[in-house]
Amino acid sequence: MLMTEKVLLDPTPEQREWLWEMSRTATRLYNLALEQRRWYWLRYHHTRPGITYQYQNAQLVELKEAFPEFKVLYSLVAQEVLRLAQKDFNSFFGRLKNQKKNGNEITARPPRFKSSKYFFTLCYVQSGFAVKDGKLILSGGMEPCPDKKGRVRYRQRKEAIQIIGYRKLPDKVHSLTVTYDRKTGNFYANLVYEVEPLKADTVQPLKIAAFDPGVKTFLTGADNCGRIIIFDSLVKRATGYFDRQIDKVKSIRDKCKKGSRRWMYLNEVLDDLYRRRSAQIDNELHATAKLLAGGEWDIVGVGNPDKQGMVSDDPDKGRGNQTINRAVQNNWPLKKQNKFLDYKLEYQGKLFLPLDEKYSTQECSNCGHRMKLDPSVRVYRCPKCGMVMGRDENSSINLLNRVIAGTAQRRVNYKDFRVRIIFHRTLCGKWTHREELLKPA
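Okay, so the sequence shown: first residue is 1 according to UniProt numbering, each after it adds one.
Bear in mind the hints are in silico, worked out from the structure with no lab data behind them. Backbone N, C-alpha and C fix where the C-beta goes; we use that ideal spot for every residue, glycine too. Check before you lean on any hint, since a few could be wrong.
Unchecked claim - 30 Å max Cα-Cα, derived DSS-like pairs, lysine-lysine:
(1) K339 <-> K172
(2) K199 <-> K344
(3) K339 <-> K358
Claimed, not checked - Simulated restraints on C-beta separations:
(4) L96 <-> Y274: 30 to 40 Å
(5) Y347 <-> K114: 32 to 42 Å
(6) T12 <-> T121: 36 to 46 Å
Please build the complete structure, drawing on both the sequences and the hints.
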């Protein structure tokens, strides 16, 4: 499997200027390829086959001969720029086709030109780079170099850029991208490398856990060992402080004249708050995914709810709708959590399953009776069998039974659970837990 390691680079002033020169050249090449595609599409609309990547790539050699400034780019980097132009145009055609097919208003627009004041991500695939002795060796294009007789020769430029803060770098690097952070002024390299998944010792029967995600309680789960597992809302704790600060800065900024020095300063403060909040959320998500992947479960399933269907527009709640929608739509990184958990489980040799949550909160995990509940009702009381259980815990048992249905194990119900384990992460990053005995049914 492929994994990515993001490392910090420490280029010299000359190397920084060299990276920016390649970025500006890549931007000009992208805009040139985009202009050719746009003109051809507008001129021969639906009358001739469109321009392909192979057509533009064949012209790359002639372009470098006519305009020597494009020789600054490494050949494979230039090809990746052309592939990006093709990818953007294919995405535009896909949106245009879907809107025409569905009879919707045509809002799809061709890709826009890029500005050279922004750093163009440089993609190195297969060759043109090496990691050696804590340094990243990057290859550029051909540059003029006079020989002893005064004749101009061309040689390939290579630069060894120092990597900061890493003692053991990954082996078997497959590809990499060089990026730039405008806020911090740092260059980064995203190293894509191959790893062999760990071979976990599988013990029969398989240990399975299923989790119901939530906003107030981040994860509520159940496993086939008779345990209820609860993760406190880490994201809510991380976003609570920053949301208050963001609202305060927004209120002050909106009273300033747009474009003024005060407005620009507050806008930078706002960007910094968003960046810090995102970093804390990612830290919490990685910690939770690492704990689950390192657990004893062979299969981990997580519900995949429809966030758009959870939008609150109840007129009786007033401004409460804004609070609910902000918590669900903005501050609930469920997709990112599942993405982190998926690759961490794959590396451990385990299986991740996204589960459909349809009717999981309405159905009784004991008798199968189904009834609708208001979101404010947090306890499930079955009128048919008399079962009384937490709403999220009942949902997690239903999700667990859906996973078990694909195995040879028997279904479980609320009578099989005797222990509730609640996990909590302290401010210093240490995991703690407490166990509670459940009363026999």
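Can you give the numbers of the hints that this structure goes against, from lowest to highest?
Those not satisfied come down to hint 6.
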